Every structure is written in C-alpha cells, then in structure tokens.
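Quick mapping for you: the protein sequence lines, in order, are chains A and B. Mapping to this note's numbering: the first sequence position 104 is 219, numbers consecutive. Mapping to this note's numbering: the second sequence position 58 is 614, numbers consecutive.
Hints are computed from structural coordinates only; laboratory data are not their basis. These numbers were taken from a predicted model, which means no experiment stands behind them.
Label pairs and their computed distance ranges (CB to CB):
1. B:Lys614 - A:Gly168: 34 to 44 Å
2. B:Gly618 - A:Thr132: 37 to 47 Å
3. A:Pro201 - B:Leu612: 39 to 49 Å
4. B:Arg598 - A:Ser188: 22 to 32 Å
Pulled a few chain B residues facing chain A out of the computed Cβ check, cut under 7 Å:
5. Tyr588
6. Gly599
7. Lys605
8. Tyr655
9. Phe659
For every residue, glycine included, the Cβ atom is placed at its ideal position computed from N, Cα and C.
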Amino acid sequence: GAVVSQHPSWVICKSGTSVKIECRSLDFQATTMFWYRQFPKQSLMLMATSNEGSKATYEQGVEKDKFLINHASLTLSTLTVTSAHPEDSSFYICSGGGRESHEQYFGPGTRLTVT
Amino acid sequence: AQSVAQPEDQVNVAEGNPLTVKCTYSVSGNPYLFWYVQYPNRGLQFLLKYITGDNLVKGSYGFEAEFNKSQTSFHLKKPSALVSDSALYFCAVRASGDYKLSFGAGTTVTVRA
Numbered sequence: 116g117a118v119v120s121q122h123p124s125w126v127i128c129k130s131g132t133s134v135k136i137e138c139r140s141l142d143f144q145a146t147t148m149f150w151y152r153q154f155p156k157q158s159l160m161l162m163a164t165s166n167e168g169s170k171a172t173y174e175q176g177v178e179k180d181k182f183l184i185n186h187a188s189l190t191l192s193t194l195t196v197t198s199a200h201p202e203d204s205s206f207y208i209c210s211g212g213g214r215e216s217h218e219q220y221f222g223p224g225t226r227l228t229v230t
Numbered sequence: 557a558q559s560v561a562q563p564e565d566q567v568n569v570a571e572g573n574p575l576t577v578k579c580t581y582s583v584s585g586n587p588y589l590f591w592y593v594q595y596p597n598r599g600l601q602f603l604l605k606y607i608t609g610d611n612l613v614k615g616s617y618g619f620e621a622e623f624n625k626s627q628t629s630f631h632l633k634k635p636s637a638l639v640s641d642s643a644l645y646f647c648a649v650r651a652s653g654d655y656k657l658s659f660g661a662g663t664t665v666t667v668r669a
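Next up, chain A with everything else stripped away, as it sits in the complex (with noise of 0.2 Å):
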C-alpha cells in the first residue's frame, strides 16, 4: 500500500515556540492532505484539508493563524504550530489521498508536548 511519513515522531517545545510538521508521500502523489488532531483515547479531529498549490481549509473551530499548513508539491505537506502553548500538546496524524484512491493513507503521527 502507499506510505505517507511523519518528522519528526515527537517533539518536545516550549511554550511559545513553533514547531513544524512534515508529513511526506513516500511513493504516490497526494493531491489532496488532512490534518487530524487526536487527544489520549479518543477519535481523530480533522483540522484542515490542504490541496497541492491552493489554500488549507480548516475546519470550524480550528485557528488558521495558529496551525499553518503549506502544501507545496504533491508529496509534501507541512504543519507549523505557532506559538504553541500546553494545550496544544496532542497526536497530529496526517493522511494523503491521490486523485485515483478512494482511501486516505495515514502517516504514523508526531506526538507534540509543549511544556
């Protein structure tokens, strides 16, 4: 199947830094990307669905100023939490859909802690 990957696998910030997100489509094109949000036990939020070249559109309730997404080419996406505070730390798991699947392949997750 095809594989979607995560940089880093977790990260450690404080409060006020940003941190990035890579998730990279290893061996297809993901024209379309998601960004989830999951908290300990429970299920996967989407924040915000990104196509290749155009603006992310982010889902009600999720701050576009705080959770940047850049999806620049067809295998890369990024996600930068800005001036990220404690509550910001949770499982962000990214997915890439390309034009032909009718599935999302998921990358493995960054577990983000902000102190």
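Chain A is already provided as a structure; the job is to place chain B on it using the hints.
Below, chain B without anything else, positioned relative to chain A:
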C-alpha cells in the same frame, strides 16, 4: 452531514473466540466505508473498505466486514481473535465524491489469553 457511531467503547473477548466490533453510519448518497486499527502511539493502519460490490469484504489479518444497507451497518468481524488484535479500532465513512472522512469514537478491543 455524515456520521459514524461505534456503540461500544470497549470489547473484551477470549483468544480464539469470535470478535465483532459494531459500526453504524449515516451519509447522503452511497457510502464508502472503512475500518482502521491503531496501536498505541501509532498512526492508523488500514484494515478493509467497502466501496461497491459484494457486501462481505475481506481485509487484512483475517478481518472481514459486512455492509448492510438496510441497517446502515458495517460491523467488523474476526472468526478467531488473537491477543495481538488488542488495539483501538475506528470505523469511518465518507460519501462518494467527497474526500472527507468521518470517524467513529473508536472501540478498544482487548483479547485475553
């Protein structure tokens, strides 16, 4: 709007016994249905999907699911559970023509030896 319900937070079975994880959905139009499994601190692994065709879908690791349109259900089953099947299972749905997936709350499966 689309939604998924997984009525059981937790399912406990003995190894070797059948395993069933329930899922019902609501969507406009034809549904695309998926099951994913998540191990601690990992992303989601794809198990199986229903797009069209045979209502009984076979997937990875011996899992299968049956699409029931009249009951709007897509229950996940495994005839003989293994301890290694212990994990968090998510059912997801999207409408055909839409990329957005809606996930259920998840069901924690514990298989005891």
